[in-house]
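Chain order of the listed sequences is P and H.
The end of the first sequence is residue 216 by full-length UniProt numbering, with every number in the run present.
The end of the second sequence is residue 260 by full-length UniProt numbering, with every number in the run present.
Honestly, I wouldn't trust all of these hints.
Partial pick of chain P residues on the chain H-facing surface, computed with a CB cut under 10 Å [unchecked claim]:
1) 117
2) 120
3) 139
Quick caveat, the hints were computed from the structure, so don't treat them as lab data.
The beta carbon of each residue, even a glycine, is placed where N, CA and C say it ideally should be.
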Amino acid sequence: MKWDWNAVSDFMPEFWHGLLVTLQILALGSLLSFTLGLVWALLMRTPSRWVRWPVGVVTEFVRNTPLLVQLFFLFYVLPEWGLTFSALATGAFAIGLHYSTYTMQVYRAGIEAVPVGQWEAATALNLPRRRTWTAVILPQAIRRVIPALGNYVIAMLKDTPMLMVITVLEMLGRARLFSQQHFQFTEPLTVIGVAFILISYLASLLLRALERRLVR
Amino acid sequence: MSVETRTKSSVTDAPSSELIRLAGVTKRFGTNTVLDQLDFSVQPGKHVTLIGPSGSGKTTILRLLMTLTKPDEGTITVDGQQLFPAPEKQIREVRKKIGMVFQQFNLFPNMSVLRNITEAPVQVLGMSRDEAEARARELLDLVGLADKCDARPTRLSGGQQQRVAIARALAMRPQVLLLDEVTSALDPELVAGVLDLLRDIARSTDITMLCVTHEMGFARDISDQVLMFDSGRVIESGPPEKIFSDPDQDRTREFLSAVL
Numbered sequence: 001m002k003w004d005w006n007a008v009s010d011f012m013p014e015f016w017h018g019l020l021v022t023l024q025i026l027a028l029g030s031l032l033s034f035t036l037g038l039v040w041a042l043l044m045r046t047p048s049r050w051v052r053w054p055v056g057v058v059t060e061f062v063r064n065t066p067l068l069v070q071l072f073f074l075f076y077v078l079p080e081w082g083l084t085f086s087a088l089a090t091g092a093f094a095i096g097l098h099y100s101t102y103t104m105q106v107y108r109a110g111i112e113a114v115p116v117g118q119w120e121a122a123t124a125l126n127l128p129r130r131r132t133w134t135a136v137i138l139p140q141a142i143r144r145v146i147p148a149l150g151n152y153v154i155a156m157l158k159d160t161p162m163l164m165v166i167t168v169l170e171m172l173g174r175a176r177l178f179s180q181q182h183f184q185f186t187e188p189l190t191v192i193g194v195a196f197i198l199i200s201y202l203a204s205l206l207l208r209a210l211e212r213r214l215v216r
Numbered sequence: 001m002s003v004e005t006r007t008k009s010s011v012t013d014a015p016s017s018e019l020i021r022l023a024g025v026t027k028r029f030g031t032n033t034v035l036d037q038l039d040f041s042v043q044p045g046k047h048v049t050l051i052g053p054s055g056s057g058k059t060t061i062l063r064l065l066m067t068l069t070k071p072d073e074g075t076i077t078v079d080g081q082q083l084f085p086a087p088e089k090q091i092r093e094v095r096k097k098i099g100m101v102f103q104q105f106n107l108f109p110n111m112s113v114l115r116n117i118t119e120a121p122v123q124v125l126g127m128s129r130d131e132a133e134a135r136a137r138e139l140l141d142l143v144g145l146a147d148k149c150d151a152r153p154t155r156l157s158g159g160q161q162q163r164v165a166i167a168r169a170l171a172m173r174p175q176v177l178l179l180d181e182v183t184s185a186l187d188p189e190l191v192a193g194v195l196d197l198l199r200d201i202a203r204s205t206d207i208t209m210l211c212v213t214h215e216m217g218f219a220r221d222i223s224d225q226v227l228m229f230d231s232g233r234v235i236e237s238g239p240p241e242k243i244f245s246d247p248d249q250d251r252t253r254e255f256l257s258a259v260l
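Start from the sequences and build out the full structure, keeping to the hints where you can.
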């Protein structure tokens, strides 16, 4: 095996396209999983079991079926119902939805970890329910769960290549295409491997900075 | 209900000289009866201290009044308005009249000291932020922490945190202040500062106080009335001079000799 720098430079234009797509999936997926997971967690705390029950069933179902199956389903079945989205949007949605069923558990644990005395103090001060959530409980709960959410960002990053199966050309897709055209595998795969490590590292730095800001 | 019975009940059940009235209040946790058919009332401006062994139901009374828990039987009336059962709106009206200070302070760690105090006046009483802050600064001055406005509660000592919690409760201008073992979680050298502050407040305001405490010296100083609890009942009540010097019940004598 011989390392060919020319192959690296030939691959780079392809790589940048793939990187952009990977980052888009990661950003949209994170945003969706963070918000949707919080919505699930809050819905699971409503007094009405007519809300809790369906939310519980749907999220259990999504968590316990493979992401790959969900990708195929959303990409091939939704258009039959007249819902057509780009492959990228479909893929980012699938990842976000899938991981929201994990982040919801993280939020749940974070909310339950807020001491009961905080609820009691809010009641004693007569704060409205909504205000108790937004000003007292959630700021404390979310601060606690940021490290755990960060782990899911990295897990999502590592699942982005799955979108290849629905024609999204992210980093691995670009590397594979390049390899098949040029019969050079080592260089493009090494480049994207390094890119995955760098993105993970930068994401964890970003989340740590966010955590510090919130803890302050 | 006819006019006649309503008039009658307003005279006999809730005369205007009573701010708080508990009638036949029973509270159970599982098979454990914490409060057993309890009756008592508190007149406005009075300072009532609840003493007795742990688990005798003292704290539960404060928690019932603050609507943090519900009674299994009986009625609780505050300023003529009944709690349990009552519509949410009425419960909120009653809560406005009551403030509570907790054993563990329960300050909001995600807010500055100032925000801890202004949050409820702004959100609940509809005060402007400027007005609420001005009042909060006055209160912090009163509790001796004027320089801690911008500090996070977690940076303060236990005694300082409890004084902020007292300021936070007072900011809502309550008619009734519930004090739940407010010095029990403090280091011994910090207790005196908090008790002195409460003595000041008791002396200089007309706030009605219900106080659960193990600080008998403090109870003797501020109380108009002392209630001795045992097993969910008031076994003896009277002015502090009487209870602390010459109690009628052996159980009271025994308890006092154990804690004094």
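Practice item. For the hint on residue 120 (chain P), just tell me whether its beta-carbon gets within less than 10 Å of chain H. Key: 5 Å, holds
**Study point:** Interface restraint verdict for residue 117 (chain P) against chain H (beta-carbon cut-off 10 Å)
**Key:** 4 Å, holds
**Study point:** Given hint residue 139 (chain P) near chain H, where the shortest CB pair must fall under 10 Å
**Key:** 4 Å, holds
In the structure shown, no violation is registered for any of the earlier numbered hints.
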